[in-house]
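Build out the structure end to end from the sequences listed, making use of the hints.
Sequence lines, in order, name chains A and B. 129 is the number of the first residue of the first sequence in this note's numbering; add one for each residue after it. 60 is the number of the first residue of the second sequence in this note's numbering; add one for each residue after it.
Treat the hints loosely; a few may be bogus.
[Claimed, not checked] Label-pair restraints from in silico Cβ distances:
(1) R203(B) <-> A188(A): 20 to 28 Å
(2) T195(B) <-> K179(A): 23 to 31 Å
(3) E153(B) <-> P150(A): 37 to 45 Å
(4) Y173(A) <-> G81(B): 43 to 51 Å
(5) E190(B) <-> V180(A): 39 to 47 Å
(6) K130(A) <-> A202(B): 43 to 51 Å
None of these hints come from the bench; they were simulated from the model. Don't be surprised by glycine CBs; every beta carbon is placed ideally from N, CA and C.
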Amino acid sequence: MKLKYFAWVRERIGTAEETVEPPASVRTVEELIAWLSGRSEAYAYAFEKPKVIRAAIDHAHVRPDAAIAGAREIAFFPPMTGG
Amino acid sequence: MTGPVTIRIQETDFDVAHEIAGLTKGRTDIGAVVSFSGICRGDEDSARISALTLEHYPGMAEEEIGRHVDEATSRWPLDGVTIIHRVGRITPGENIVLVVTASQHRQAAFEAAEFLMDYLKTSAPFWKKEESAAGTGWVEAHARDDEAAARWTKS
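Okay, here's the thing in structure tokens:
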């Protein structure tokens, strides 16, 4: 699946997008965050406060317990500050 | 909804009068147009800002705004909606965002514009980075914006 990162999540991880294949045991958005956090210091820093992180699956906002099965694109970003 | 819906995300500035005219041109059924312009302030919490840089999530931003326009048109009898959100670097005094709503009567136009603006702030995927003498930093979300959006879900 494709992952996208925005704003300070993108800056902390150091990339705007990548393709990952998490193990089958990773079933939800919050499990994906935990799995990503274990990849490196940069990911751990980006996701150090997982409750602050917002997620979207295929361009729609989702909650941390949302299932990731079948997702084409998952995005992680801070609370939005547009308008 | 009997009128046009326009959603644009662009780096260039927009002309408010031109956008309003575009919604009402050739129509005699519209009795009310409300427009809201969001403008870049030169200071935030008494700190001087030299510029904002707006980042967005291409694709999702348009879709998310579209979902809220759909909800607005189901809640109010609207005859046209235009939403423009700028991205890139914006300096104090420049436009950031425009919401224009058209309806037969003013109440629907006022309420729909406020509803759309409240959701643009809290759920459309845009992020502001501030430049000041102290350096650059991402703007933090305000609880007051979440509260403003939440009131539309109360009965």
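- Query: In this structure, is the beta-carbon distance linking Y173(A) and G81(B) contained in 43 to 51 Å?
  - Reply: holds, 46 Å
- Is it true that the C-beta distance of E153(B) to P150(A) lies inside 37 to 45 Å, as the hint says? holds, 42 Å
- Measuring from beta carbon to beta carbon, are T195(B) and K179(A) in 23 to 31 Å? Check passed, 25 Å falls within 23 to 31 Å.
- Confirm or reject the claim that E190(B) and V180(A) have a C-beta distance inside 39 to 47 Å. Violated, since E190(B) and V180(A) (Cβ atoms, about 23 Å apart) do not stay within the stated range.
- Query: Between K130(A) and A202(B), does the beta-carbon spacing fit 43 to 51 Å?
  - Reply: violated, 32 Å
- Message: Holds or violated: the 20 to 28 Å window for the beta-carbon distance between R203(B) and A188(A)?
- Response: holds, 25 Å
Checked against the numbered hints above, the structure violates hints 5 and 6; every other hint is satisfied.
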